[in-house]
Amino acid sequence: GDSVTQMEGPVTLSEEAFLTINCTYTATGYPSLFWYVQYPGEGLQLLLKATKADDKGSNKGFEATYRKETTSFHLEKGSVQVSDSAVYFCALTGGGNKLTFGTGTQLKVEL
Amino acid sequence: DTAVSQTPKYLVTQMGNDKSIKCEQNLGHDTMYWYKQDSKKFLKIMFSYNNKELIINETVPNRFSPKSPDKAHLNLHINSLELGDSAVYFCASSQDSGEGQPQHFGDGTRLSIL
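Here the protein sequences line up with chains Y and V, keeping their order. Mapping the first sequence onto our numbering, position 94 (from 1) lands on 94, and the numbers just tick up by one. Mapping the second sequence onto our numbering, position 107 (from 1) lands on 218, and the numbers just tick up by one.
These are computed hints drawn from the structure, not numbers from a lab. The reader is advised that the hints may include incorrect statements.
Pair ranges (Cβ atoms, derived) [said to hold, decoys possible]:
| hint | chain 1 | residue 1 | chain 2 | residue 2 | range |
| --- | --- | --- | --- | --- | --- |
| 1 | V | N128 | Y | Y30 | 42 to 48 Å |
| 2 | V | N137 | Y | Y30 | 30 to 36 Å |
| 3 | V | K133 | Y | E15 | 39 to 45 Å |
| 4 | V | P172 | Y | K56 | 39 to 45 Å |
| 5 | Y | A53 | V | I166 | 23 to 29 Å |
| 6 | V | D129 | Y | E16 | 47 to 53 Å |
| 7 | Y | E42 | V | G139 | 19 to 25 Å |
| 8 | Y | K108 | V | N173 | 36 to 42 Å |
| 9 | V | N128 | Y | G95 | 19 to 25 Å |
| 10 | Y | E15 | V | D129 | 46 to 52 Å |
| 11 | Y | G29 | V | E193 | 32 to 38 Å |
| 12 | V | N128 | Y | T12 | 39 to 45 Å |
C-beta atoms are modelled at their ideal positions from N, C-alpha and C, and glycine is treated no differently.
Throw the hints in and build the complete structure from the sequences for me.
Structure below.
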């Protein structure tokens with residue numbers, strides 16, 4: 001079945017540092033790929049998405065590129081802020097638009 | 112205006128009780144979902160309805176019964192609550208059930224079983 005593997009957290013960075021959160025997937029066919037973010041006490045918010053190979057999703061300074069050859073969708077941001085502290089989930093959709101999530105990576109950004 | 116709203120936000124109850132969680136979306140979407148997030152923050156789909164019809168039913172105990180009275184509402188009823196049901200339950204919706212449609216999530220219902 002479909003699965004998503006993302007790097008274990010927590011990840012602790014200083015403000016303005018470069019962020020990479022790795023995500024790889026296993027799926028039949030060509031799924032759509034997503035990054036969702038969960039701030040403390042809140043639901044998930046869509047951060048970005050990509051629907052086909054080589055697509056780049058971007059939002060709020062975050063980027064991720066759909067790499068079919070490496071089955072990856074790594075999340076990057078050039079300069080993180082304290083307000084980016086949250087849990088980040090990589091996910092893919094299969095039949096019926098079912099989301100399959102990775103285990104989540106907690107990011108903590110310090111001054 | 113809240114797009115996907117769940118009630119209650121917190122639910123604390125005894126083992127063996129029956130409880131319901133309600134979800135409503137005002138986005139005009141056709142498809143709604145229930146997800147369970149465990150204590151390690153792992154998220155897993157439970158059910159999905161499209162236009163009031165069940166389209167996804169994962170391996171969930173039959174103590175859990177979703178009900179969709181109309182396409183704007185998807186409620187979750189849980190019978191004979193067990194300790195392992197303690198989790199955060201998220202409702203979500205999407206325009207339709209086409210693959211790749213972004214899903215909009217509610218803020219979750221934290222269920223604690225004593």
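So which of the earlier hints does this model not fit?
9
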